[in-house]
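With the hints as constraints, model all of the structure from the sequences given.
Chain by chain, the residues:
Protein chains: 2
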Amino acid sequence: MATIREIAKASGFSIATVSRVLSGSENVTEETRKKILKVIKELDYRRSQSIKGSSFRGIGVLVPDLKADYYGMVAEGIEEVLLRNHFEMFLSTYRHSLEKERDALEEFFARKVDGVIVCTTYQDEDCLEKFIEAGIPVVAVDRENSELKMDIVTIDNYDSSLKIAKYLYDMGHRKVLHVEGLMEVYSARERKQAFMDFAQKKEDFEVTFIPASFDVKDGYIAIKKYLDKYGKNFTAGFFANDWMALGGIKALKEAGFNYPEDVSIVGFDDSPLAKYLYPSLTTIRQPVYEMGLNAAKLLIEKLEGKNESKVKRRVILPTNLIIRDSVRKI
Amino acid sequence: MATIREIAKASGFSIATVSRVLSGSENVTEETRKKILKVIKELDYRRSQSIKGSSFRGIGVLVPDLKADYYGMVAEGIEEVLLRNHFEMFLSTYRHSLEKERDALEEFFARKVDGVIVCTTYQDEDCLEKFIEAGIPVVAVDRENSELKMDIVTIDNYDSSLKIAKYLYDMGHRKVLHVEGLMEVYSARERKQAFMDFAQKKEDFEVTFIPASFDVKDGYIAIKKYLDKYGKNFTAGFFANDWMALGGIKALKEAGFNYPEDVSIVGFDDSPLAKYLYPSLTTIRQPVYEMGLNAAKLLIEKLEGKNESKVKRRVILPTNLIIRDSVRKI
Chain U
1 MATIREIAKA SGFSIATVSR VLSGSENVTE ETRKKILKVI KELDYRRSQS IKGSSFRGIG
61 VLVPDLKADY YGMVAEGIEE VLLRNHFEMF LSTYRHSLEK ERDALEEFFA RKVDGVIVCT
121 TYQDEDCLEK FIEAGIPVVA VDRENSELKM DIVTIDNYDS SLKIAKYLYD MGHRKVLHVE
181 GLMEVYSARE RKQAFMDFAQ KKEDFEVTFI PASFDVKDGY IAIKKYLDKY GKNFTAGFFA
241 NDWMALGGIK ALKEAGFNYP EDVSIVGFDD SPLAKYLYPS LTTIRQPVYE MGLNAAKLLI
301 EKLEGKNESK VKRRVILPTN LIIRDSVRKI
Chain B
1 MATIREIAKA SGFSIATVSR VLSGSENVTE ETRKKILKVI KELDYRRSQS IKGSSFRGIG
61 VLVPDLKADY YGMVAEGIEE VLLRNHFEMF LSTYRHSLEK ERDALEEFFA RKVDGVIVCT
121 TYQDEDCLEK FIEAGIPVVA VDRENSELKM DIVTIDNYDS SLKIAKYLYD MGHRKVLHVE
181 GLMEVYSARE RKQAFMDFAQ KKEDFEVTFI PASFDVKDGY IAIKKYLDKY GKNFTAGFFA
241 NDWMALGGIK ALKEAGFNYP EDVSIVGFDD SPLAKYLYPS LTTIRQPVYE MGLNAAKLLI
301 EKLEGKNESK VKRRVILPTN LIIRDSVRKI
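Respectively, the protein sequence lines represent chains U and B.
Sequential numbering of the first sequence, starting at 1, is according to full-length UniProt numbering.
Sequential numbering of the second sequence, starting at 1, is according to full-length UniProt numbering.
A few of these clues could be false.
Since the list gives no way to pick one copy over another, a pair counts as held whenever it fits inside one copy or between any two copies.
[As the list claims (entries may be wrong)] Calculated lysine-lysine pairs in the BS3-like style (CA-CA distance at most 30 Å, straight line):
1. 329 with 253
2. 302 with 35
3. 297 with 312
4. 100 with 232
Honestly, the hints are just simulated from the structure, not real lab data.
None of the values given here were measured: they were computed from a predicted structure.
Right under this line is the structure:
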């Protein structure tokens with residue numbers, strides 16, 4: 001829609017006059033009204049032509065944030081595929097706010113996007129259902145199984161976390177802290193569950209769980225508070241991501257403990273940070289960029305009708321335990 | 001534009017038949033042709049209505065990457081303002097490739113975006129000129145003065161870097177390494193120039209410049225190679241960003257040097273990393289999120305005609321030297 005200012009400029013009338021026409025005021029001559037309405041029609045027509053002419057197709061992409069590297073990499077993967085297929089990426093961040101998450105989805109819906117990719121979102125099943133019912137395909141990244149008819153791209157969080165538990169056990173660790181990710185998030189719950197199950201199977205393996213979110217600050221605070229209260233009564237710490245591990249390492253160092261000498265450390269993600277810490281960080285490598293690529297590919301297949309089957313797909317990408325220098329055999 | 005498949009589905013004819021109509025083949029009855037053309041018209045009308053109905057307005061945003069935190073934060077700032085003003089953000093990354101940069105801008109142009117925000121781009125003046133000539137406003141982030149009529153949001157890179165040089169000098173450092181950012185990038189050139197000028201003024205201040213790009217890996221390689229060749233004949237290192245400082249610190253530690261005991265370290269940006277390294281990193285804080293906010297505000301002012309003046313605006317946001325624990329007085 002043209003703005004009042006644009007209409008005034010194009011028609012040669014004042015903003016006040018245009019405003020009167022738009023509000024339906026009677027204080028305008030019939031001739032003026034006609035002229036202004038004609039200009040509006042032309043401006044709108046030109047705009048719609050230009051949009052149609054560019055055969056505009058857009059995909060709404062919703063991520064929690066772009067502050068750290070994780071979702072930026074997912075978005076780069078998505079963009080790569082969308083660009084190649086001449087789709088535009090509408091990117092929205094919801095900053096871990098349920099309200100903003102729902103607003104962003106409503107906005108996508110109102111703008112009639114051709115498809116939606118949602119990453120690590122929370123309580124949005126009803127919003128997503130609206131898209132699916134309207135025939136707009138949805139692909140989710142990093143999400144548990146759902147009743148909704150949408151494809152999902154994820155990693156095996158449970159199995160990845162189990163690899164870490166086993167590795168720490170094999171390296172002789174029996175008393176471990178797990179600084180959790182946000183429990184609203186599926187991947188955080190899975191990572192925790194694997195450690196709980198492993199500890200239940202192995203009688204001599206004890207895990208203390210510390211609630212936290214995924215932020216670097218939370219890793220720092222979790223360890224600082226724990227040390228203040230209980231002292232260093234553990235030999236290893238597993239953090240729900242690499243950034244939290246960085247925060248935890250800082251709290252340990254401030255209290256005079258080094259890694260891996262005094263405490264062994266394991267992260268998750270293999271963010272660029274992990275390799276360049278010294279000592280470098282043992283972690284799980286997630287194929288983050290590929291998760292984005294695959295999500296966009298599934299969506300485009302659906303849009304182009306290449307996926308005729310009505311079966312939901314769950315694509316699980318492989319992870320690797322990257323053993324570096326932050327775990328000591330004891 | 002509807003796809004052939006959509007047209008086939010809506011009209012009840014086969015893809016082959018639709019295809020024949022679209023290609024102008026004579027192998028179709030007049031009745032079929034009419035029916036299919038009617039469906040195409042309806043589908044296009046519905047699409048144009050839906051786009052017009054949502055008063056769709058989009059801004060193209062071009063950033064080098066989303067891998068690290070810097071441009072993600074800029075993008076979050078831009079999004080905040082666009083969302084509030086009911087603009088959609090089309091985000092493209094150009095991955096530091098001149099070809100992709102130009103492609104992305106061409107794509108924005110073809111899609112008739114309402115405005116463009118470009119961050120830290122290279123040789124694109126002719127592409128940007130096209131937008132400006134077409135009356136599509138452009139705002140640049142982190143860019144030197146230009147002949148083009150576009151607003152620019154930036155920080156004073158020269159002055160910020162000079163603050164670091166003076167601080168290192170005051171702390172007793174006389175032999176300093178500067179690991180440079182990519183010289184194609186305006187901010188990297190400014191940061192280098194300040195150190196060159198300072199060294200020219202102070203006879204007892206010597207700087208060695210090491211060419212590099214902005215990547216963490218480059219910081220590591222720059223220091224590793226330097227140490228291999230010349231040994232540790234410097235007391236401080238200034239890195240063009242915090243991530244490069246992380247890489248440099250790793251190379252120093254591998255060679256048995258600690259900071260700030262053996263070498264003092266200064267970064268740039270105040271990324272989340274800086275605060276959580278141990279010892280924490282002295283750096284320049286850039287108001288990254290605010291740069292995004294301000295760029296989007298300038299653009300929207302222009303789009304809404306609030307900025308009547310034809311004068312280009314250059315908005316320079318303040319920086320701060322954040323003194324932490326990585327520089328030692330000698």
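Against the structure, the hints come out as follows:
1. 329 with 253: both (20 Å within a copy, 22 Å between copies)
2. 302 with 35: between (45 Å within a copy, 26 Å between copies)
3. 297 with 312: within (14 Å within a copy, 42 Å between copies)
4. 100 with 232: neither (40 Å within a copy, 51 Å between copies)
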